[in-house]
Amino acid sequence: MHQRRFLLLQGPASPFLKKLAEAIENKGAEVSKINLSIGDVAFWWPRKSELFREKPEHWAVYLDRYISDHNVTDIVMLGDGRAPHHSAAAVASARGVDVHILEHGYLRPDWLTIEPDGMSAHSRFPQDAERIRMIAESAPAIDGVGRYRSSFLTYALYDLVYHVPNVLLGWLVHPHYRTHGPVHPVREYAGWIWKALRMKSRRRNADLATTAALTPIQTADGVRLPRVFLFPLQLPGDYQIIRHAPGGDLFAIVDSVIASFAKHAGSNDRLLFKVHPIDNGLSRWPERIRA
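Position one of the sequence shown corresponds to residue 2 (the working numbering), numbered consecutively onward.
Simulated from the structure, these hints should not be mistaken for lab results.
The structure presented is a predicted model; accordingly, all values stated were derived computationally and were not measured.
It is possible that some hints are incorrect.
As the list claims (entries may be wrong) - Just the calculated beta-carbon pair ranges, DEER-fashion: (1) 155 <-> 204: 19 to 25 angstroms; (2) 262 <-> 48: 48 to 54 angstroms; (3) 259 <-> 30: 46 to 52 angstroms; (4) 208 <-> 84: 36 to 42 angstroms; (5) 97 <-> 182: 29 to 35 angstroms.
Quick reminder that beta carbons are idealized off the backbone N, C-alpha and C, glycines included.
Make a model of the complete structure from these sequences and hints.
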């Protein structure tokens with residue numbers, strides 16, 4: 002059996018990829034890493050790696066050459082949506098290299114998801130209910146034991162470790178790199194500060210909206226409970242939306258749902274939106290939805 006050689010690209014802003022690399026190596030395979038930013042390096046240090054510093058349009062050729070020179074058999078990366086990963090999946094497919102896509106799990110908290118080839122529209126996960134039941138019945142039991150502790154503070158610190166070096170030194174070390182996020186990290190942090198300052202008023206307004214949506218309705222036939230439709234919002238910059246949702250625009254999707262609801266909903270129906278837990282506040286959802 003020939004030796005498998007795993008190439009890791011960008012992963013979660015955490016030490017996860019280093020732990021994954023150790024697990025792969027313990028199975029007898031080789032691991033290499035290409036970093037696209039100093040933030041990637043920060044979570045891979047002190048392991049050796051290559052840093053891609055060229056222009057984005059040179060990435061596909063660079064990666065193709067790297068795969069050939071290092072006999073790469075597998076590529077692992079977080080998501081298939083951000084531009085370098087989207088391109089990497091195409092290069093790997095043309096080379097016959099297996100692609101493994103990580104994602105912050107469909108089941109949260111505690112889980113990361115890994116799928117071959119891609120997520121969402123690219124997923125191999127069956128859509129037939131009976132096949133899903135068969136998989137569930139044959140799958141090994143999950144012990145449910147928590148092996149890692151996390152908190153919002155941990156998440157925030159990891160995010161700072163990733164983005165601050167990019168902001169301060171990125172222009173010098175990798176001037177052509179652009180963050181995969183929809184806004185610059187400094188602007189995002191400003192949004193978080195403003196969101197924190199308005200914490201009490203946001204919670205009060207959320208409680209009022211929830212109470213209003215769940216309040217029984219007095220009708221000629223008596224009191225009736227409203228029928229509530231819950232819309233859990235994703236982050237506007239999430240690539241599962243950008244690459245795989247109709248139109249790739251969460252704001253347009255929300256507008257479409259509101260318009261459809263206004264046209265077709267009954268007097269007993271209520272539409273309730275739940276903002277994503279790590280939305281930075283820049284989307285201004287309350288104002289958008291009220292408008």
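A quick look at each hint next to the structure:
1. The hinted window of 19 to 25 angstroms between residue 155 and residue 204 holds, with their beta carbons roughly 22 angstroms apart.
2. Residue 262 and residue 48 have their C-beta atoms about 51 angstroms apart, which keeps the hinted 48 to 54 angstroms range intact.
3. Taken as a hint, the range 46 to 52 angstroms holds for the pair residue 259 and residue 30, whose Cβ atoms sit roughly 50 angstroms apart.
4. Restraint check, residue 208 to residue 84: a C-beta distance of roughly 40 angstroms satisfies the suggested window 36 to 42 angstroms.
5. Our hint of 29 to 35 angstroms for residue 97 and residue 182 holds, since their Cβ atoms are close to 32 angstroms apart.
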